[in-house]
Structure formats: structure tokens, C-alpha cells
Amino acid sequence: MPLGEKKLLPCLVKVYDGLDADLKLNDVVEFIGVLTFDPELTVHPGTVGESVDCIHGSFLDEDISAQLPASRVPRLHSILHRKLSSDQLFQAMPMNTLGQLYPDALSRSSFEELRSSLVARFTEVLGGDGLAAEYLLLHLLSRVHARVEPMAVGKLSLNIVEPRPMKDGSTSFIQMVSHTISTLLPRSHLMSLSLEFLNEKLIAPKKNYSSNRLMTGDLQLADGTHLMLDETVLRSGQLNDIGLQNVHFLKNMMEWQKVEYDFEFYKMEMSTDVAVLVLSAARSRLFPSDVVLPLRPTRGFSSDFPVENLWRWRIYLAAARAGDHTIDPTIQKVLEEELVSARQEDRSLGPEVFHRWLTLARLLSLSYGESTLSLERWNMVREMERRLTERLRVC
Numbered sequence: 001m002p003l004g005e006k007k008l009l010p011c012l013v014k015v016y017d018g019l020d021a022d023l024k025l026n027d028v029v030e031f032i033g034v035l036t037f038d039p040e041l042t043v044h045p046g047t048v049g050e051s052v053d054c055i056h057g058s059f060l061d062e063d064i065s066a067q068l069p070a071s072r073v074p075r076l077h078s079i080l081h082r083k084l085s086s087d088q089l090f091q092a093m094p095m096n097t098l099g100q101l102y103p104d105a106l107s108r109s110s111f112e113e114l115r116s117s118l119v120a121r122f123t124e125v126l127g128g129d130g131l132a133a134e135y136l137l138l139h140l141l142s143r144v145h146a147r148v149e150p151m152a153v154g155k156l157s158l159n160i161v162e163p164r165p166m167k168d169g170s171t172s173f174i175q176m177v178s179h180t181i182s183t184l185l186p187r188s189h190l191m192s193l194s195l196e197f198l199n200e201k202l203i204a205p206k207k208n209y210s211s212n213r214l215m216t217g218d219l220q221l222a223d224g225t226h227l228m229l230d231e232t233v234l235r236s237g238q239l240n241d242i243g244l245q246n247v248h249f250l251k252n253m254m255e256w257q258k259v260e261y262d263f264e265f266y267k268m269e270m271s272t273d274v275a276v277l278v279l280s281a282a283r284s285r286l287f288p289s290d291v292v293l294p295l296r297p298t299r300g301f302s303s304d305f306p307v308e309n310l311w312r313w314r315i316y317l318a319a320a321r322a323g324d325h326t327i328d329p330t331i332q333k334v335l336e337e338e339l340v341s342a343r344q345e346d347r348s349l350g351p352e353v354f355h356r357w358l359t360l361a362r363l364l365s366l367s368y369g370e371s372t373l374s375l376e377r378w379n380m381v382r383e384m385e386r387r388l389t390e391r392l393r394v395c
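The letter at position 280 of the sequence shown is residue 280 when you use UniProt numbering, and the numbering goes up by one with no holes.
No lab work stands behind these hints, which were simulated from the structure alone. Predicted model, so just to flag it, every value in this text is computed and none were measured. Here a beta-carbon is modelled for each residue, glycine too, at the ideal position from N, C-alpha and C. A few of these clues could be false.
Dumping the calculated DSSO-like pairs for lysine-lysine here, alpha-carbon to alpha-carbon at most 27 Å [claimed, not checked]:
| hint | residue 1 | residue 2 |
| --- | --- | --- |
| 1 | Lys207 | Lys14 |
| 2 | Lys24 | Lys333 |
| 3 | Lys206 | Lys251 |
| 4 | Lys201 | Lys83 |
| 5 | Lys83 | Lys206 |
| 6 | Lys267 | Lys251 |
| 7 | Lys24 | Lys14 |
| 8 | Lys333 | Lys251 |
| 9 | Lys333 | Lys267 |
| 10 | Lys251 | Lys201 |
Derived DEER-like restraints, expressed as beta-carbon distance ranges [unchecked claim]:
| hint | residue 1 | residue 2 | range |
| --- | --- | --- | --- |
| 11 | Val34 | Glu383 | 53 to 61 Å |
| 12 | Arg108 | Glu200 | 29 to 37 Å |
| 13 | Arg387 | Thr330 | 22 to 30 Å |
| 14 | Asp241 | Glu112 | 28 to 36 Å |
| 15 | Asn208 | Thr372 | 33 to 41 Å |
| 16 | Glu200 | Glu390 | 38 to 46 Å |
| 17 | Gly130 | Lys83 | 44 to 52 Å |
| 18 | Leu375 | Tyr16 | 36 to 44 Å |
| 19 | Thr330 | Arg108 | 47 to 55 Å |
| 20 | Arg285 | Leu310 | 35 to 43 Å |
| 21 | Thr372 | Asn199 | 43 to 51 Å |
| 22 | Glu345 | Tyr266 | 43 to 51 Å |
| 23 | Glu200 | Phe305 | 26 to 34 Å |
| 24 | Glu269 | Glu308 | 38 to 46 Å |
Whenever a hint applies, use it, and build me the whole structure from the sequences.
Here you go:
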């Protein structure tokens, strides 16, 4: 498995009648079926450990695993299956149960209330910085909703810069942000970018033809996963060839939402959808982000996380993230005029800035439960960007 050191028991899933045609690499799938596995059939006393080691050592070998009996590698004969997207968080509980517990969880009237309380929680985590809380919310709602090669439309990587010592009491700022995100989202991972980590092993998958395995890497992630990069642990030193490749892999994911799989004789780029948050003590030069946000805390960072609204916040994030969004032609004309005017006032504004504004406007509308962009939300985005520009100018 790409993440974690714990060995997991492998399983061969048999899907019949061509129903596996819609399954692809890195999908998260829920299966219901008949399991056949009885290790005691062929394991003699004293050889259990050896048998398990054999399974772990060879389960990804296509030739060996497929031929081993069910006493060595369990089989699941699938009856039903469904792919689970990251937006199906509420699938973890039956819908009728959710309706009884939170009857207004997805109602339009509750969206603004949930949004307000969640932004307030983020503000506490970020030391009272309300602007940072707004950008963090929009970052968590971002996803790739279209591709216009080579661009991944909808992504919003975020670099939060906290130059002060990263300790506040007994809990580090990094740990508090990581805990908050992992509590709210179904899939998240914290990657500490120390020099030793970057130089040790490749984080992108690579095919090993000797064992006939695709050797997994830390970037082999399911769509909808949130990835947090801790750059504060990176100290001065030299990156070796592996480290340079890993930096390239991360930059490629952040910019184009693609991961390069190495099949030795050729390389293949796989599209992905992973929101990346970079936490650093200075503006990250290794990993340029769509939004760079210097943190301006006014009080201590809060590690307390109330649980009374937890499930409603989770449902809110899933629903807002999955929402559809359109721009009315009349609003589109106004936006075009504003973009032309902004370009005339500041010639340094490039297409990437305009693209970011449109992405932020879409996400801000969705965060309020709105499916169309209004001038009110557009003006709110322009004000957020103005405040951010002033903050960056001071830095």
C-alpha cells in the first residue's frame, strides 16, 4: 500500500460479466460478495508465520498470486460493487439515519450557518486569521472539474506561510492543521518533506519487471485525497537524483494534476485530483502554489475541535464540493469587462491570475450553496484578493 508501514492481507477480487469495465487504477471500490479463504487447509503447525510472509512477499506478483489457492490468498467473488468518490462521505452512514439525525444537513437554509461555523473553527485553528480561514475553506472545496490540456481546471493549491516558530504550547501548528483536515475529510495525508525523506526513495510508482510488480509510491493516491506538505522540516542540504525526481513529481502534480508512472521502458502520466496544501516558514520556492498566503495570527493557535457539528460539517463539505456551477451570460459579460479593466490598470496581471479569480468565484458560490455566480460573490472574491495582495506587498 502507498501509505503506512502496516502489512495488510491481500485479496483477489473476481468480478463477473464484464462489470469491471468501469474500474481503473486507484479507484476506491466497495465490494459485496462471497469470500473463500481457509488458511488452515494447507498450513501445518509451525508454518503460519512463514505462510503469511509468503503472502505478503508475493501478493502483487500477477503470476504467483493468481495461481495460489484460496488457502494462501483469499478470493472475493463479487456480487455487487460501487465506486466511492470522495464526495460520498455521507455514504458511511445510511441516508435514513442521516435524515433522522440531521434533517436540515443539506438544506439551503443551513448552508450559510454551517459555512459560518466552519470558517469560525478554521479561524481559531489559524490563530484568529479570518482571511486565511476563508482561503482554507475554498481550498478544501476545490477539485478538478474539467481538463483543457494541459490545464486541470478547478484545482487550487495553497501555500500558508507561518514564519514564526511553529510551536504553540505543546501542539505544533502543523499538527493542528493536519488534525483539523483529517478529521473533516475522508482521505488525507501529511507528508513531511525532510531532506532524508526526499532523498530516500521515489514517491511515484515504478514497475519492477523482475518481480512483475508495480511498486507503489506515496503519490499513488485516490482522487479526492487531500495532501499536506510540511516544508518546515526541510533543512539546507543537497538533493540527490532521487530527491530531484521527487521534487519534480510533486511540482508536476501541483501544477498539472498528473503523476508520472515509470514503466522502465516508457513513462506514462496518470491524471489525478489531489488538493495540495503547503505549510512553510517562507514562501515555498520548490513548490509554487496557486495561492500564497502569509499567515497573520492575532492570538494563539487552538487545538480544540468541537464534535457537536462534526458530521454536519463533513456533509456540508461533501455537498458543496460536489455541487454544479454555471455562469449566466449576463454575468459573464460583466466579468469580461472587469478583467479587461483590471488588465489595463495593471499590466502584470496574467491569464493565471484571471483563472484563479474565476476558480475562487466558483468555489465561493458553492460554499454558500449557490449554483450560479452572482456579482456579490464576484465582488467578495475581488476584495479577498485585494487584501491578500496588500499582505503579500508588506511581506
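We went through each hint and held it up to the structure:
This hinted pair checks out: lysine 207 and lysine 14 have alpha carbons roughly 23 Å apart, not beyond 27 Å. For the hint linking lysine 24 to lysine 333, the alpha-carbon distance of about 40 Å lies beyond 27 Å, and the restraint is violated. For a cut-off of 27 Å, the pair hint linking lysine 206 to lysine 251 stands: about 18 Å separates their Cα positions. Proposed proximity of lysine 201 and lysine 83 is contradicted: the alpha carbons are some 31 Å apart, above 27 Å.
Proposed proximity of lysine 83 and lysine 206 is supported: the alpha carbons are some 25 Å apart, at most 27 Å. The straight-line distance between the Cα atoms of lysine 267 and lysine 251 is roughly 17 Å, inside the 27 Å bound, and the hint therefore holds. At roughly 15 Å between alpha-carbon atoms, lysine 24 and lysine 14 fall within 27 Å of each other, so this suggested pair holds. The suggested pairing of lysine 333 with lysine 251 is violated, with an alpha-carbon distance near 34 Å, which exceeds 27 Å.
The hinted pair formed by lysine 333 and lysine 267 fails the criterion: a straight-line CA distance of about 43 Å is larger than 27 Å. Distance restraint check for lysine 251 and lysine 201: the Cα-Cα separation of roughly 17 Å lies within the 27 Å cut-off, and the hinted pair is therefore satisfied. Distance hint check: the CB atoms of valine 34 and glutamate 383 are about 58 Å apart, consistent with the given range 53 to 61 Å. Remark: the range hint 29 to 37 Å for arginine 108 to glutamate 200 is contradicted by a beta-carbon distance near 49 Å.
The given range of 22 to 30 Å is respected by arginine 387 and threonine 330, whose C-beta atoms sit roughly 28 Å from each other. Checked against the hint of 28 to 36 Å, the pair aspartate 241 and glutamate 112 fails, with Cβ atoms roughly 51 Å apart. In this structure the hint that asparagine 208 and threonine 372 lie 33 to 41 Å apart at CB is violated, the actual value being about 50 Å. For glutamate 200 and glutamate 390, the Cβ-Cβ distance of about 41 Å falls inside the hinted range of 38 to 46 Å, so the restraint holds.
Distance hint check: the CB atoms of glycine 130 and lysine 83 are about 37 Å apart, inconsistent with the given range 44 to 52 Å. Between leucine 375 and tyrosine 16 the CB atoms are about 54 Å apart, so this pair departs from the stated range of 36 to 44 Å. A hinted range of 47 to 55 Å for the beta carbons of threonine 330 and arginine 108 is inconsistent with their spacing of about 23 Å. For arginine 285 paired with leucine 310, a C-beta distance near 37 Å keeps the hint of 35 to 43 Å intact.
Judged by the Cβ atoms, the range 43 to 51 Å given for threonine 372 and asparagine 199 holds: they are separated by roughly 49 Å. Between glutamate 345 and tyrosine 266 the beta carbons are some 48 Å apart, a value that agrees with the proposed interval 43 to 51 Å. Under the hint 26 to 34 Å, the C-beta atoms of glutamate 200 and phenylalanine 305, about 32 Å apart, fit the expected range. A C-beta distance of roughly 44 Å is found between glutamate 269 and glutamate 308, which places it inside the suggested range of 38 to 46 Å.
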